[in-house]
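Participant: Residue-level listing of the chains:
There are 2 protein chains.
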Amino acid sequence: MLEAVNEVKETKMRVVIDWSATRLEAALIDGTDAVLDRIGTDDGLKRAAGRHEAVLDEILAPWRRTHGSLHILAAGMVGGRSGWMEMGYVPAPASLADIARAARHVALANGDRLTLIPGLCDPAASPFPDVMRGEEAQLVGHGLDRDAVVVMPGNNGKWARIGGGRIAGFRTFVTGELVALLLAYSGLAGIAVHPEGRDWRAFARGLECAGAPDRHGLLTRLFTARTGWLAGQLAPAEIGDYLRGLLIGWEFIEARNAGLWLPGGTLDIVGDDDRVDDYRRAAEGLGLTARVAPDDTALRGALAIGAESMILA
Amino acid sequence: MLEAVNEVKETKMRVVIDWSATRLEAALIDGTDAVLDRIGTDDGLKRAAGRHEAVLDEILAPWRRTHGSLHILAAGMVGGRSGWMEMGYVPAPASLADIARAARHVALANGDRLTLIPGLCDPAASPFPDVMRGEEAQLVGHGLDRDAVVVMPGNNGKWARIGGGRIAGFRTFVTGELVALLLAYSGLAGIAVHPEGRDWRAFARGLECAGAPDRHGLLTRLFTARTGWLAGQLAPAEIGDYLRGLLIGWEFIEARNAGLWLPGGTLDIVGDDDRVDDYRRAAEGLGLTARVAPDDTALRGALAIGAESMILA
Numbered sequence: 000m001l002e003a004v005n006e007v008k009e010t011k012m013r014v015v016i017d018w019s020a021t022r023l024e025a026a027l028i029d030g031t032d033a034v035l036d037r038i039g040t041d042d043g044l045k046r047a048a049g050r051h052e053a054v055l056d057e058i059l060a061p062w063r064r065t066h067g068s069l070h071i072l073a074a075g076m077v078g079g080r081s082g083w084m085e086m087g088y089v090p091a092p093a094s095l096a097d098i099a100r101a102a103r104h105v106a107l108a109n110g111d112r113l114t115l116i117p118g119l120c121d122p123a124a125s126p127f128p129d130v131m132r133g134e135e136a137q138l139v140g141h142g143l144d145r146d147a148v149v150v151m152p153g154n155n156g157k158w159a160r161i162g163g164g165r166i167a168g169f170r171t172f173v174t175g176e177l178v179a180l181l182l183a184y185s186g187l188a189g190i191a192v193h194p195e196g197r198d199w200r201a202f203a204r205g206l207e208c209a210g211a212p213d214r215h216g217l218l219t220r221l222f223t224a225r226t227g228w229l230a231g232q233l234a235p236a237e238i239g240d241y242l243r244g245l246l247i248g249w250e251f252i253e254a255r256n257a258g259l260w261l262p263g264g265t266l267d268i269v270g271d272d273d274r275v276d277d278y279r280r281a282a283e284g285l286g287l288t289a290r291v292a293p294d295d296t297a298l299r300g301a302l303a304i305g306a307e308s309m310i311l312a
Numbered sequence: 000m001l002e003a004v005n006e007v008k009e010t011k012m013r014v015v016i017d018w019s020a021t022r023l024e025a026a027l028i029d030g031t032d033a034v035l036d037r038i039g040t041d042d043g044l045k046r047a048a049g050r051h052e053a054v055l056d057e058i059l060a061p062w063r064r065t066h067g068s069l070h071i072l073a074a075g076m077v078g079g080r081s082g083w084m085e086m087g088y089v090p091a092p093a094s095l096a097d098i099a100r101a102a103r104h105v106a107l108a109n110g111d112r113l114t115l116i117p118g119l120c121d122p123a124a125s126p127f128p129d130v131m132r133g134e135e136a137q138l139v140g141h142g143l144d145r146d147a148v149v150v151m152p153g154n155n156g157k158w159a160r161i162g163g164g165r166i167a168g169f170r171t172f173v174t175g176e177l178v179a180l181l182l183a184y185s186g187l188a189g190i191a192v193h194p195e196g197r198d199w200r201a202f203a204r205g206l207e208c209a210g211a212p213d214r215h216g217l218l219t220r221l222f223t224a225r226t227g228w229l230a231g232q233l234a235p236a237e238i239g240d241y242l243r244g245l246l247i248g249w250e251f252i253e254a255r256n257a258g259l260w261l262p263g264g265t266l267d268i269v270g271d272d273d274r275v276d277d278y279r280r281a282a283e284g285l286g287l288t289a290r291v292a293p294d295d296t297a298l299r300g301a302l303a304i305g306a307e308s309m310i311l312a
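Line order of the protein sequences matches chains A and B. To convert, note that position 267 of the first sequence is 266 in numbering that gives the first Met the number 0; the numbers rise steadily by one, no gaps. To convert, note that position 182 of the second sequence is 181 in numbering that gives the first Met the number 0; the numbers rise steadily by one, no gaps.
Treat the hints with caution; some may be incorrect.
Note that identical chains are pooled: a pair holds if it fits in a single copy or bridges any two copies.
[What the hints assert, rightly or not] Each computed SDA-like pair below joins lysine to any residue, with the alpha-carbon atoms no more than 20 Å apart:
| # | residue 1 | residue 2 |
| --- | --- | --- |
| 1 | Lys-45 | Gly-189 |
| 2 | Lys-45 | Ala-147 |
| 3 | Lys-45 | Pro-194 |
| 4 | Lys-11 | Arg-200 |
| 5 | Lys-11 | Arg-63 |
| 6 | Lys-11 | Ala-203 |
| 7 | Lys-11 | Arg-112 |
| 8 | Lys-45 | Arg-160 |
| 9 | Lys-45 | Ile-190 |
| 10 | Lys-11 | Asp-146 |
| 11 | Lys-11 | Glu-57 |
| 12 | Lys-11 | His-193 |
| 13 | Lys-45 | Leu-187 |
| 14 | Lys-45 | Gly-186 |
| 15 | Lys-45 | Asn-256 |
| 16 | Lys-45 | Asp-294 |
| 17 | Lys-11 | Glu-307 |
| 18 | Lys-45 | Leu-285 |
| 19 | Lys-45 | Tyr-184 |
| 20 | Lys-45 | Leu-302 |
| 21 | Lys-11 | Val-105 |
| 22 | Lys-45 | Asp-29 |
| 23 | Lys-45 | Glu-57 |
| 24 | Lys-11 | Glu-283 |
Everything labelled a hint here was simulated from the structure, so no lab data went into it.
Looking at chain A on its own, in the form it has when it is part of the complex (with noise of 0.2 Å):
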């Protein structure tokens, strides 16, 4: 067993792959944990549809005449419905040798060596239950000796909480795909006009919406977005962010009101676009202290699950 493992590390180069529908980005890793090279390439799972296999063997092949046969390690959409092989979900709460363990390895015909991660389900979730992909390897990049709760912004975003060394369950907020919606085609999408930058003016006075105590509920504080503009008291450059923060801002309250944080506590951050900062302004706006993670820890996460996964092989 152990003699498997390190054959493995010293014959094979790893390579971790974050391949969305629309993007494959690839990190070359050595035995030390180093990145040692990157690609990118616009070859999503759309576009590379029923010749997944081909379409990495090629776009490896300069790694692989240098280093050999690489060990490749996928997780996220890769394993969706949509993707190249489906891969199951395992349920929370979940630890990293339960994720590990449900990892599937692929012998491909060019001799790579294809760990596919599994996603994470919560049963407990009503009426069906909630899934990830992607975001367990964020979770095991950030840790899980330590117990928090840690939110992952998104199109689909997920908080979870972290507690006796295992993932303990989670929720998803549908915030950023509703964000990018509104802006690109509702009522509001000829109107608002997008800065170059961001205005944090706007989105502080989105977040402020979010909070203030009244009795009405998301469906009418969106409306604000456009009273705003009637009222000639947002401009068009501002509805944009004005609108990420009510959104954001909301979800912190939805967050809040299911129990996930109270004010003076403490959030752990992962993430690695833009929203990241989003978040973390909410958070300090909302009196939480926020602890953001380095931007390279669901590429940490597929190393720790794929390692496990060779040693319980």
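Fit chain B to the supplied structure of chain A, relying on the hints for placement.
Facilitator: Just chain B, lined up with the frame of chain A:
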């Protein structure tokens, strides 16, 4: 003063128009308030931009040839910022006389008279005044003599309180627009299949999810349309009506939290499309007595506001 009114009543047939971004609907009304004829065209406000008067002149020409010059009554979008002539907002609480006094009378070149009905605003809404355009005619047509809570389903639907002979206040809910956006452009767009008829069982399941007494909010519950499908418990043909039930049910929850209804109470529903039945089912499912108004309330209201504005003119 009264002579002027009589003159108009005797010499002009009235036309109530509903001019939206994409459609122009007109109804010809005789002296007994009966609808004599109807015309509908695709000459919406967008297409008619810059030549509204000419378009109206041409579309109503057959009626004008038969009946002489017309008195045209128009509420709603035509008086909005992207309409023909921008009308202001009468602040709630507002009586029929308050609305009629703010109407604008325009003599058109062809001898027709145009009466534009103002919108309504609710300055008590925070942080910006809420607004309606067109629904004020629905409310007047429904009647201001009896205290009531009235819901008017729509893309930006309204809940209004009638009290003391006035429209006391109202709030907007963006429910209809969200349903449309989610089904057309979200991650559900590639999954949902739209059946020919309605699936009331799926609608009821959505209502049930909205009303379930857990601590989670809308941003989390919306994801259940996807997790239900992933779990094999929501078929693609059920997603649309599940989502309608979920969002309309959630609108009712928010309206209840805002103090707009109590179980065992009565709700008046005013509208002219399929959504009226959706709201009736939601109301009855939640223990409300639903009173559905005739679908010509907007027309009746425009006539009443027009008549009152002539008296006050």
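Participant: Could you run down the list of hints and mark each one as holding or not?
Facilitator: Each hint, compared with the structure:
| no. | hint | verdict |
| --- | --- | --- |
| 1 | Lys-45 with Gly-189 | between (30 Å within a copy, 12 Å between copies) |
| 2 | Lys-45 with Ala-147 | neither (35 Å within a copy, 53 Å between copies) |
| 3 | Lys-45 with Pro-194 | neither (31 Å within a copy, 26 Å between copies) |
| 4 | Lys-11 with Arg-200 | neither (50 Å within a copy, 54 Å between copies) |
| 5 | Lys-11 with Arg-63 | within (10 Å within a copy, 85 Å between copies) |
| 6 | Lys-11 with Ala-203 | neither (49 Å within a copy, 54 Å between copies) |
| 7 | Lys-11 with Arg-112 | within (9 Å within a copy, 84 Å between copies) |
| 8 | Lys-45 with Arg-160 | neither (32 Å within a copy, 50 Å between copies) |
| 9 | Lys-45 with Ile-190 | between (32 Å within a copy, 15 Å between copies) |
| 10 | Lys-11 with Asp-146 | neither (34 Å within a copy, 77 Å between copies) |
| 11 | Lys-11 with Glu-57 | within (18 Å within a copy, 78 Å between copies) |
| 12 | Lys-11 with His-193 | neither (46 Å within a copy, 49 Å between copies) |
| 13 | Lys-45 with Leu-187 | between (29 Å within a copy, 16 Å between copies) |
| 14 | Lys-45 with Gly-186 | between (30 Å within a copy, 14 Å between copies) |
| 15 | Lys-45 with Asn-256 | neither (38 Å within a copy, 43 Å between copies) |
| 16 | Lys-45 with Asp-294 | neither (26 Å within a copy, 46 Å between copies) |
| 17 | Lys-11 with Glu-307 | within (16 Å within a copy, 85 Å between copies) |
| 18 | Lys-45 with Leu-285 | neither (40 Å within a copy, 43 Å between copies) |
| 19 | Lys-45 with Tyr-184 | between (23 Å within a copy, 17 Å between copies) |
| 20 | Lys-45 with Leu-302 | neither (25 Å within a copy, 55 Å between copies) |
| 21 | Lys-11 with Val-105 | within (15 Å within a copy, 82 Å between copies) |
| 22 | Lys-45 with Asp-29 | neither (30 Å within a copy, 60 Å between copies) |
| 23 | Lys-45 with Glu-57 | within (17 Å within a copy, 50 Å between copies) |
| 24 | Lys-11 with Glu-283 | neither (44 Å within a copy, 64 Å between copies) |
Hints 2, 3, 4, 6, 8, 10, 12, 15, 16, 18, 20, 22, 24, counting from the list given before, are not met by this structure.
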